[in-house]
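Starting from the given sequences, assemble the full structure and let the hints guide the process.
Number of protein chains: 4
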Amino acid sequence: MAQFSQKVTKIGVYTSGGDAPGMNAAIRAVVRVGIAQNLEVYGIHNGYVGMMDNKIERLQLRDMANIIQRGGTVLKTGRSTEFMKPEGRVKAAQHLKAFGIDALVCIGGDGSFRGAHALWEEHQIPCVGVPGTIDNDIYGSDKTIGFDTAVNTALEAIDRIRDTAASHDRLFIIEVMGRNSGFIASHVGLAGGAEEIFAPEGNTTVDKALDRIKEAKSRGKTSSIIITAEGQKPGRAYDLAEAIRKKSGIDAKVSILGHQQRGGSPTAADRILASRMGAAAVDALLKGYCDIMIGTEGERLIQVPLDLVTKHEKKAQLDLISLANILAT
Amino acid sequence: MAQFSQKVTKIGVYTSGGDAPGMNAAIRAVVRVGIAQNLEVYGIHNGYVGMMDNKIERLQLRDMANIIQRGGTVLKTGRSTEFMKPEGRVKAAQHLKAFGIDALVCIGGDGSFRGAHALWEEHQIPCVGVPGTIDNDIYGSDKTIGFDTAVNTALEAIDRIRDTAASHDRLFIIEVMGRNSGFIASHVGLAGGAEEIFAPEGNTTVDKALDRIKEAKSRGKTSSIIITAEGQKPGRAYDLAEAIRKKSGIDAKVSILGHQQRGGSPTAADRILASRMGAAAVDALLKGYCDIMIGTEGERLIQVPLDLVTKHEKKAQLDLISLANILAT
Amino acid sequence: MAQFSQKVTKIGVYTSGGDAPGMNAAIRAVVRVGIAQNLEVYGIHNGYVGMMDNKIERLQLRDMANIIQRGGTVLKTGRSTEFMKPEGRVKAAQHLKAFGIDALVCIGGDGSFRGAHALWEEHQIPCVGVPGTIDNDIYGSDKTIGFDTAVNTALEAIDRIRDTAASHDRLFIIEVMGRNSGFIASHVGLAGGAEEIFAPEGNTTVDKALDRIKEAKSRGKTSSIIITAEGQKPGRAYDLAEAIRKKSGIDAKVSILGHQQRGGSPTAADRILASRMGAAAVDALLKGYCDIMIGTEGERLIQVPLDLVTKHEKKAQLDLISLANILAT
Amino acid sequence: MAQFSQKVTKIGVYTSGGDAPGMNAAIRAVVRVGIAQNLEVYGIHNGYVGMMDNKIERLQLRDMANIIQRGGTVLKTGRSTEFMKPEGRVKAAQHLKAFGIDALVCIGGDGSFRGAHALWEEHQIPCVGVPGTIDNDIYGSDKTIGFDTAVNTALEAIDRIRDTAASHDRLFIIEVMGRNSGFIASHVGLAGGAEEIFAPEGNTTVDKALDRIKEAKSRGKTSSIIITAEGQKPGRAYDLAEAIRKKSGIDAKVSILGHQQRGGSPTAADRILASRMGAAAVDALLKGYCDIMIGTEGERLIQVPLDLVTKHEKKAQLDLISLANILAT
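Residue numbers (full-length UniProt numbering), protein chains in the order written: chain A, 1 to 329; chain B, 1 to 329; chain C, 1 to 329; chain D, 1 to 329.
The set of hints was computed from the structure by calculation and includes no laboratory data. Honestly, I wouldn't trust all of these hints.
Copies of the same chain are indistinguishable here, so a pair counts whether it falls within one copy or spans any two.
Straight-line C-alpha distance at most 27 Å; calculated DSS-like pairs for lysine-lysine [to be verified]:
| hint | residue 1 | residue 2 |
| --- | --- | --- |
| 1 | Lys217 | Lys55 |
| 2 | Lys311 | Lys91 |
| 3 | Lys233 | Lys253 |
| 4 | Lys217 | Lys85 |
| 5 | Lys247 | Lys233 |
| 6 | Lys208 | Lys315 |
| 7 | Lys246 | Lys233 |
Here is the structure:
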């Protein structure tokens, strides 16, 4: 955690990396709390792309009307390779300074925070991070903005597929998002009554899954659902289906939920989390704290140095998977 | 259309082929109207599979409690290759006669109706069909049970994906169900504001789609959505994305909505349609009509000979696609 | 139906009366089809209120971005007593003529169409009506924009209440919208499995309802739901509950669904209906037809003279209520 | 917290008080974890009513199939005045002992836990409580089962009403559940962007609310929403509307969300919470702990003596209301 002493009068806010439902609620909180504290607030479009391209504009209270319930991000997001280099960040810092922006709120994930940390280290532009990603895999915060919505969206799809699985006595393999972490998979699997869950952190195997499914069948269960995280690239569900077919002759159906998990109107929990975090980020800057992320620990908000956030991994709770296994008997 | 004179006292009901939301409402209507008319009603499980395997049981009023709002089919469904042969149907007819079942209500699609027609022709078991399929591609009925729900389910997913498409300024290709017909694609495309719609009945091309997208871009649109029907097998969206990438360098994201389109609690329209059709099917049998399907023509229910139904194709309205093209400018 | 010969170059569009989901899709269709036909399109705010106050502005293609999925109406709506008088309409006509607006599309209900008809009669401003009201009680059209969404919204609430009714073995009386007509009540009642439905057009009584509920109880049903249309003012459900308590001692719970039935993202059917009707309204004006409403007859769009529309009443189908009664046994 | 030494072999589970979404997931967890631990599990119907009436039956794994996603409670619930007296509890204890039930899991709220505590004190029947109530007002647990679902259900209704409020430039007063606590009101108000929130714990007044609304109007806001908890009996929203009309002449519309807030398919968070708590309750009994409730503290499950739970009140966080006030500017 770092502290700074210059007075904050103009702040910039941007969303970066993958979009997540609730980002708009966070932007709204930054803008409205900022203005309530007599700050000028500037929106930077398309994340670091807009910082490079000088796509920056002042935001007013009314610009935030009617956005709390909308998915995506009104500031749009983007990924910039140019910003990844020191020369790029020199340019970004110049743009920010030309606007007189003296502090930033960055809404995004790991990669976005690394950029924010670099801006502070290299150009002394104070920044506070707000964790916005459906994957929930940010170290230092129990929850990230968008995770609750994504899990509920995936769950709705799974509830629907179960209707069909049950009507046809079938095995379904459903692939959810979560490249490096099994948060979505484990939560959705437990909530959706899945027979088996494949998560990057887990250690189940096709053999174990088949044992479980056969056991369930012997007890009268006629249809089953396996949830898998997407793995390094989408399509892992097809590989699983093929392995199951080879080992058992069972013809599993595959469904890849895909990008719909990112969108949609945010749940109450995500809107509240985003509102609280956005407000806390502005408060922290006004108190002279920076190079931190706002996180949650239970019901409380905490401040975590960006350095810690980006250097550690947060792993999904395997106990949810064990519980799901017991409960889906 | 055929008529028969024997008195109906015991009827059987079954669901066959792909499941569709609203099938339970139709079963409920058959059972409850049947019992209100002093009939005994028997449920045949897993469609023709259960007819072959003698999985038949009497249904009572209370068995239908609390199912109108549920997706899938409580009678389950199935596909039987054995029943496709005359010997198979001999066996099926024997089972039905052993139970004293003197008429049938078949809830399903084209293939299911062909089976019902054969039972009438070969074994004089009167049957009335009720069109239940999410694809809406049954000749003789404006609407089929499950179509409205499937379209709304797909539309919700598309609304969500649009959030993400807009946040990243991206082109998305979304694949919906509809192997041989573009009903879902055209309805969802118009309702979802898609820039282009690929339907089996349509004549658009990758070039036309690209023209449209570039034109839209020139007018300030930064994200676009293409809807495609799945084609002969799922995955057509990937082929389109590849063709677009080759021709234009644009990197489109793909989302295949898949089986979730079959499930879910039926919409009001599907529950009402299913209730009315199920009731009408029993009424028709009681009046001595058979070898027909109950269809809709606007708000009215009509009777259509099964022969006509299975020999004609029903094609999606291309005017919805033209309208969608104009409106997505 | 009337015809006019002047060339149309600038059209105005407005929403009037109660708002209904899908109105935005209709506005979008009017604007985009109009512009595609080289018309200038003007939006009149707050219905006739804006016509009186000169709140009129030109609409462009991009103004219609991202509204097809939104409830309410971006043009807002209103009720004007001033416009109800001839002097008021003189003023309205002057404002329209000052903008050069030579034809109108009015999206609303009965009352709104009477205003449009008067503008044509008194000031020769041609107008085409598009029926937008959740009540579905517009003569000349099978369906109105917003009805399908309202029914589904009410149905979701009823499905939820049934969970609670069943858990407590209770009788619930649920009040839905529909001041003068029982369309919502009858559709929601049938789709929601209600034991009894009170509609303005119906002839059931508290005694009949109690008989039905007691009969259901004797067959093992432990919870029941009664649906009632709101009647001349909201609160009819409380009167029914009181009457039931007095006659039977049964303590019914009351739930009044209220204004949430007006809002929400429109269903696919409403978006498609609105898109088709909006487009057809512009087409009709371009062909010189006016003083008509676009209606539906089954799947087809038709044109109905406004005079007919406003002078006749459309009544809910009581056969849906009879069917609901049989099916809820 | 108490400990007991007798071996547990047969446990009973029941739901009591108001029903809450997720109760079925908790029952499922108790039954399946219990059976996995070689216990016999008995379901007691209608809460203490069934304990008095001996409505108790053994539950098997398959009885729990397909209920995790359903609202309400398959064991039904009830309120028993007889059980409130010591003589009643003597009878209840006799019934339990006749079945050989040697421990209980009680899913419910404050009142239900008082009953469980009395059974332990007077009859040494060990019991573990699981907090199930949409109100979230149970001391000792951050979250209760059903709260998250109820908040999201109310939020959906509010999002819909906002469409209508915005289309008519109106003030709406929406009444949510929460007799003695403002948890639902404060969460829904913040997430729904409400201008003012009336909670039992709060200290806002009609005058303050009017000031806020006028201020918002002066900044260009044309519609507003006030959220109120129901207060000691439903209908507080009407009183507020009347007070506002008298003081300001503003004609506010009222909507009382009512019982739909109790039902519906539980959210992912509620299913997971219920699954974890149900499992933890069985674990606690197997370890010889009783007279406790399973609660949450952040992400962790904790054990809280029932005595503490029933003697303290848990109050809603007023800071959410302050934040909502700032963010709705």
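Hints and how they fare:
In this assembly of identical chains, the alpha carbons of Lys217 and Lys55 lie at most 27 Å apart only when taken from different copies (19 Å versus 58 Å within one copy). Proximity of Lys311 to Lys91 under the C-alpha cut-off of 27 Å is restricted to the intra-copy arrangement: shortest distance 26 Å within a copy versus 62 Å between copies. In the homo-oligomer, the alpha carbons of Lys233 and Lys253 lie at most 27 Å apart both inside one protomer (19 Å) and across protomers (13 Å), since each shortest distance falls under that limit. Neither within a single protomer nor between protomers do Lys217 and Lys85 lie at most 27 Å apart by alpha-carbon distance, with minima of 56 Å and 30 Å respectively.
Taking the closest pair of Cα atoms, Lys247 and Lys233 come within 27 Å of each other both inside a single copy (23 Å) and across two copies (25 Å). For a Cα distance limit of 27 Å, the shortest separation of Lys208 from Lys315 inside one copy, 22 Å, qualifies, whereas the shortest one across copies, 47 Å, does not. In the homo-oligomer, the alpha carbons of Lys246 and Lys233 lie at most 27 Å apart both inside one protomer (22 Å) and across protomers (22 Å), since each shortest distance falls under that limit.
The structure shown violates just one earlier hint, number 4.
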